[in-house]
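Peer 1: Let the sequences and hints guide you as you build the complete structure.
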Amino acid sequence: MIPSDIRLYTWVDVEEVLLRKQKQNEWPNGLVWARTYWDGLTMGIRPGTQAEAHDWLSEIYDPRFRNNYIILESVDENQRILPICWEETEEDPPTPRLTPSLSRPGVLFPPSENVEPPAIMPSDFPPVVAFHSFKGGVGRTTHAIALAKALTAKKQTVLLVDGDLEAPGISWLFERRLPYPPVSFADLLALVHGDESPHYETAIQLVSDRLQNALIDGIFILPSFRSTSGFTSLEIRPEHLIQGSKNAFILTDILARLGKYLGVDVVLVDLRAGLSELATGLILDPRVYRIFVTTLSGQSIAGTARVLELIGERSPSTREEDPFPALIFSQVPEDKKFTDWVIEPEQQLLEAAKTFIEDNGDILRVITPFADSLLVLPPTWEEVMSKLERSGIVDAVSPLLDWLPSPSGASIPESLPSLSLKYQRQQIKELAEKLVYAETAQIDNFWATIPLKQLASDHRRQLPITVVVGAKGSGKTYTFMQIVRRQNWEKFVQETGETVTNNALIAPILSSNNLEDNAKKIVENVQRETAKILMFSHPKSSNDIRDYIRQNQTGNLHEGQWRECWLDVIAWGVGFKPEEAGAGRKLTDHLFKNKQQLIVVIDGLEDLFQNFDNDENQQKALRALLQEVPEWLAQQPGRPLGIIIFVRRDIVLAAVRQNAAQMMARYQPYALKWNRQEALRLVVWVIKKALPDFNINLDKLPDMSEEEITDTLVPLWGKKLGSEKSKEARSVQFVLAALSDFNGQIQSRDLVRFLKIAADKSMNDTRWQDRILIPKAIRDALPECSKEKIKEIQTENTALKKIFAKLQKLADANRKIPFSREAAQLSTEEIKTLLDNGVVIQEKDDYYMPEIFRYGLNFGLIGRARPRVLSLARRAGQSS
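Residue numbering for the sequence shown follows my numbering, beginning at 525 and increasing consecutively.
Treat the hints with care, as some may be off.
In silico DMTMM-like links for lysine to aspartate or glutamate, alpha-carbon gap of 25 Å or less [as the list claims (entries may be wrong)]:
| no. | residue 1 | residue 2 |
| --- | --- | --- |
| 1 | K1044 | E957 |
| 2 | K1325 | E1130 |
| 3 | K1340 | E1308 |
| 4 | K1340 | E1353 |
| 5 | K1243 | D1227 |
| 6 | K545 | D616 |
| 7 | K911 | E1346 |
| 8 | K545 | E614 |
| 9 | K1340 | E1354 |
| 10 | K784 | E833 |
| 11 | K1045 | E1022 |
| 12 | K784 | E1022 |
| 13 | K1311 | E1088 |
| 14 | K1110 | E1130 |
| 15 | K1326 | D1289 |
| 16 | K659 | E801 |
| 17 | K1212 | D741 |
| 18 | K1340 | D1370 |
| 19 | K953 | E1316 |
| 20 | K1213 | E1040 |
| 21 | K1119 | E1088 |
| 22 | K1117 | E1014 |
| 23 | K659 | D648 |
| 24 | K547 | E801 |
| 25 | K996 | E1312 |
Note that these hints are calculated values from the structure, not bench results.
Peer 2: Right, dumping it as structure tokens:
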């Protein structure tokens, strides 16, 4: 009899009856196969068994079965039927194979206990981990990223794949960090679809090669598409690979092989929510480490239970090598009574999975807390990582690490060695003094910050053609000098902790006028040595190049002519055909033909273009250098000539007016900005360089959490600006908040200068024996830091310079915080400029100023109150 929940509207419903009988193992012995389509039901039977099969059909389709047809749902005037045909056959049904698909098979065969599983994954392949959820919005993508972070924290390398081809999540997250990804998951599918090489090695090798420039913080990023607009035109989908391959589990295999080519420890895939062919290629593969994310909502739990039942029906974990799935209950309030709410849903899911869980088996359960800070993810990778760490989700998913191949544990930093406090203070002061100004070139090593690591890791194979933007004091000239010192790209990349496959030479073309003699000599020596290795002539001097550029500023050249000037300057600066017009175009051909690679670096543009804010000729020259030259170099065959241009942000905004935001976004990963963790890492690096016996391994510093770094710095400045039992602020939070603007930005020069001054002011203290920098010195260092910062801003930012001059002329009574716009005699536009630059923050009608600006602008406080450093920082969203 037809099941009560089925109505025979079409052949699909007729087939559903057969599928249920197959699943219930109720086929007659003589039935070899059955095929249903819109034009009829065809039964493949053994000779002489038609009567038995006929009776069976009559029973299961009762009361709609007739001798040669089945009556479909119809209206009285127009009866609809599905004809039945019979074919006798001697063939044996094939051994059934597991197929990771929800699509109905074209032909139904008798049920069998001996279903052929996919081949066991080779032991040297990384595990493939698939994150799936029945519903969207439960935190699936967030948890995939959290696990990636937890793995890299344990020194595991990860391939993170955005497998959601309809609503990409990871791809959007990385759009700013990796605005032009070199390759995508959609590319991999299309390449494999047309690849006839064994195991698709040609396609996988190509994708692996391109992914070398998409390594971010130990994670290779494979977005769903190279452009977030591409998901509307997907030609090759996962199900196309499965349907067209002899290996139904091709999707898992190619991802694991790609992971092996990349040398990663784990492949993480963020799948499409719901039950669709976009996800089943992995969730129905028993070899895959399947993680199902659900909230406690009834719909989410019921849907997840259905997925587990489906796994039990089609893809159970039966072999010893096949892992059980894991469950993540997300967005659970941390209150104990809410945690208890997990018990019943967990039992519901375990019941759904009982068909494939052995008596002694279990499904790993992870509970992660509700975090309102993650309801809306920020647009940048670094901010997401920071919020994830603070939310506790990264720690909460740590049990999954034991479920996967065990990583090596991280060691805990050791405490401060027993050295004289005065000696330690003196060493820190001396080193920080040398570091404050890069122009002296007294320091020959550097701390690899996030932007520098990104610059190196994104150009391990291809030469960099990039613009590095930074404010005054952010480390432009310092970084310029460190690159120049290395003389070749390989050495620089290696010192950031990355590996590299090119050994391009470095050639400085322009440098800051403020370099001292020692630094100038280093630049000139590298310039000459590079020209010598390339067998070029003596390079044109920096002074001659500057004169040539100044001369052209009077010629009213257009951008195209300026581009040619810059190309010639580059060629002459490395000694290639000096003084010859058109040498720049010939240089790239020469390098390509001779299989040579060269990277030129440029700094000090503010010295050469001092009227950039209002001189149109200077702006044209800058536009040509910042836009046209990189675009021209990027199109050269073989890309033999790279360029790194260090430039202030205000110069970019003045010169590139129409597309400045687009350009800044393109080079944003390399912009010299300092977040909280990088600022703290810089402090640790300075202390370690000043005090080599300070017991911390710098190799481990990049992977340390903010909490670990904070603990490491306790011997430097204590836990608080007072005793541990005092009500004073925590030292780390206070220092970062005091030195940061209200946009959360902190300049490396301010931080290093602070260390120098605080060490000096702590020099003769004998009271505080548990720290190097004493509380009073930390507070007293701020005014001097602030005054120096104001001087530097006034040489860089014309708009702020005018406003600062106006504020400094105010009467003492009006230079108090908080202040009103009227009391400060500022226009609405001027206030907006201060807000945009993080100089002030507004609370109702009052405006507050961070310490790094307040002292330098001679602003006092109303009454005798102490500055609200931390509360204002939290108000601005830069502190926790």
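Peer 1: Look at each hint and say if it fits the structure.
Peer 2: Here's how the hints hold up against the structure:
no. : hint             : in the structure
1   : K1044 with E957  : holds (19 Å)
2   : K1325 with E1130 : holds (16 Å)
3   : K1340 with E1308 : holds (19 Å)
4   : K1340 with E1353 : holds (21 Å)
5   : K1243 with D1227 : holds (22 Å)
6   : K545 with D616   : holds (20 Å)
7   : K911 with E1346  : violated (38 Å)
8   : K545 with E614   : holds (23 Å)
9   : K1340 with E1354 : holds (18 Å)
10  : K784 with E833   : violated (32 Å)
11  : K1045 with E1022 : violated (29 Å)
12  : K784 with E1022  : holds (19 Å)
13  : K1311 with E1088 : violated (42 Å)
14  : K1110 with E1130 : violated (29 Å)
15  : K1326 with D1289 : violated (41 Å)
16  : K659 with E801   : holds (15 Å)
17  : K1212 with D741  : holds (23 Å)
18  : K1340 with D1370 : holds (11 Å)
19  : K953 with E1316  : holds (21 Å)
20  : K1213 with E1040 : holds (23 Å)
21  : K1119 with E1088 : holds (23 Å)
22  : K1117 with E1014 : holds (21 Å)
23  : K659 with D648   : violated (34 Å)
24  : K547 with E801   : holds (21 Å)
25  : K996 with E1312  : holds (12 Å)
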